[in-house]
Amino acid sequence: MRDPSEILAKYGAEEGLIKPSTRVYQVDASRIRELVQELVREYGENRVFVSTIVGIDRPQDGKIEVDIFIEVLGFKPAYCIKVLVPRDDPRMPSIVDILPSALVGELEAHDVLGVVFEGNVYLRRPVFVPEEIASKGAYPLRKDFKV
Amino acid sequence: MAEAREKATVTLEIPIGPQHPALHEPILLRVFADGEEVIDVEVVTGYNHRGIEKLCESNSYYRDLFLVSRTCGICNTIHADVYTRALEQILGREPSQRARYLRVLALELERIHSHLLLAATIAEIVGFDTLFMLIMRDRELVMKAKEILTGCRVHADYYMPGGVRRDIDEVKRSRLLEILNKLEPRVHKYITLFEEDPTINSRLLEVGVIKPVDAVKHGLLGPIVRGSGIDYDIRKLEPYDAYDEIPFNVIVEKGCDSFSRMMVRWRETVESIEMCRYVLTHLPQGEAVVDEKRLPRAFPKGAAFTRGEAPRGELTYYVESAGGPNPYRVKIRTPSLNNLINSRFVYVGLSVADVPVTFASFDPCISCMERIVVIDRRRQVKKIVSFRDLALRRVRV
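From first to last, the protein sequence lines are chains A and B. Heads up, the first sequence is in the numbering used here, so the first residue is 1 and it goes up one at a time. Heads up, the second sequence is in the numbering used here, so the first residue is 1001 and it goes up one at a time.
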């Protein structure tokens, strides 16, 4: 069975390491579904799940970084799939129909940073953020949001 | 599932939550049912958003250490541990061997009292109040042990990059061993009780079944996934602190139901007692306490993704430093987040009375369910019932 890094390398360049052992691959948003489908095909849906989705605001680059940490049972470290979406229109395809474990990560990234996961029928606001903040259309984890 | 809800006849909508004084933090389960059968459950969160991740960005790394450990009262040491290890990764520091062992001791004491708390809660939910009180009495022993080790019953504030904040002497060591010796036979007694008591068995066996493939597919963690036969335990897969040196078994049960999840926790409690005993009898010599004044204020650029096995499952921290005294981003993924929000599929097809015990078997780190409003949509009647009555099937809906 192939190492997950071989499949990941087909879809994006390796971008180094998050300490202590998580390898990062930058993948274009348009190819993310294809990549996840291949992972599920290779290892089966009983071995692949999304550990967490980390959204990071990068106003200096005009981007929002969406890091999807994927776990493949039987292979030790988690893998990080890094997707960059434009900050003024942060959209990317949802993977929740392929990997249901992505649900909470997508809900959270949408709620706190405004990333729209196209195709996720469960997306809503507010999920965690208080109603008074969500109703103003503000996203608390964006760097320009003042507490 | 939303479509399933539309197609089926929803005769009842039962909001379970959002307040419950016995558990911790509020959450609302909107249960949609057709008579007794659950058609869908919507998990409503957001009652207690404290903005910890945002606050972390405006505080120093060291203040954040105390902030992140307040994410959860029950499992505060694992939060501090995973965050501390992320800082150590960025700083390039290593804790001493003695500190590693003491960290494991604090973590395993926490696992014991967390599992005992849930066992007590489950006993109460199934209507066995005496057992609840007995387990809670014995849990006090562990709280005392935690106080002896860390100086505090609940919030330990025990971790610091490079080591721990307090050491133990010979007197404390023997006192801790005494407590463990007292606790162990009682835990075995409770395990026998859980295995043999017909009330507990009938309320937990074959209730809330999660197939192994569903557990992995939905990213469920900790005793839930191990109760479905998957040996996923970060302590073994990616050993941290001194877990690579301390012998222990990963506990797996294959029943896939609420009972299996409880038995995983009970058997883990026994393992944890053994691990604590091992640490106390094999504690390396040397310094464990770090000199906090000598720690660097500014951090180099870098990012770390660290994980640990909390009592409820894998806890992850992503910490990014852009240089300077404050982190650029801190992302906390608690196991309850996956276990509660991704698990709505489990309730479908259950009877309404099985929802509370199934929910509780996930070890929710949330307070929610003392009073429940039962709404009969056909007759437009509202009735307030206690969570306990619902669990004991005293409610006719």
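Hints may contain errors.
To be verified - Taking beta-carbon pairs under 7 Å as the criterion, some of the chain A residues facing chain B (in silico): (1) 11; (2) 12; (3) 59; (4) 98; (5) 123.
What the hints assert, rightly or not - The list that follows gives simulated cross-link-like pairs (lysine to aspartate or glutamate, EDC-like), each with its CA atoms no further than 20 Å apart: (6) B:1301 x A:65; (7) A:76 x A:97; (8) A:146 x B:1057; (9) B:1254 x A:65; (10) B:1054 x A:132; (11) B:1254 x B:1287; (12) B:1211 x A:65; (13) A:76 x B:1245; (14) A:143 x B:1214.
Just so you know, the hints here were simulated from the structure itself, not pulled from any lab data. Nothing here was measured: the structure is a model prediction, and the numbers come from that model. Beta carbons: idealized from backbone N, C-alpha and C, even for Gly.
Hint check:
Interface restraint check: residue 11 of chain A against chain B, minimum CB-CB distance 20 Å, threshold 7 Å, status violated. A least Cβ separation of about 18 Å between residue 12 of chain A and chain B goes past the 7 Å threshold, and the interface hint is therefore violated. At a threshold of 7 Å, the smallest CB-CB gap from residue 59 of chain A to chain B is about 12 Å, leaving the interface hint violated. Because the smallest distance between the Cβ of residue 98 of chain A and any Cβ of chain B comes to about 10 Å, over 7 Å, the interface hint for this residue is violated.
Interface hint status for residue 123 of chain A: violated, as the beta-carbon distance to the closest one in chain B is roughly 12 Å, over 7 Å. With a C-alpha separation of about 17 Å, the suggested pairing of residue 1301 of chain B with residue 65 of chain A holds against the 20 Å cut-off. At roughly 25 Å between alpha-carbon atoms, residue 76 of chain A and residue 97 of chain A are farther apart than 20 Å, so this suggested pair is violated. Under the criterion of a C-alpha separation no larger than 20 Å, the hint pairing residue 146 of chain A with residue 1057 of chain B is consistent with the structure, at around 11 Å.
Restraint check: the Cα-Cα separation between residue 1254 of chain B and residue 65 of chain A comes to about 39 Å, which exceeds 20 Å; the hinted pair is violated. Using a Cα cut-off of 20 Å, the hinted pair residue 1054 of chain B and residue 132 of chain A holds, with the two alpha carbons roughly 17 Å apart. For the given pair, residue 1254 of chain B sits about 43 Å from residue 1287 of chain B by alpha-carbon distance, which is inconsistent with the 20 Å threshold. For the given pair, residue 1211 of chain B sits about 34 Å from residue 65 of chain A by alpha-carbon distance, which is inconsistent with the 20 Å threshold.
For the given pair, residue 76 of chain A sits about 18 Å from residue 1245 of chain B by alpha-carbon distance, which is consistent with the 20 Å threshold. Proximity of residue 143 of chain A to residue 1214 of chain B is assessed by CA-CA distance (about 37 Å); at most 20 Å being required, the pair is judged violated.
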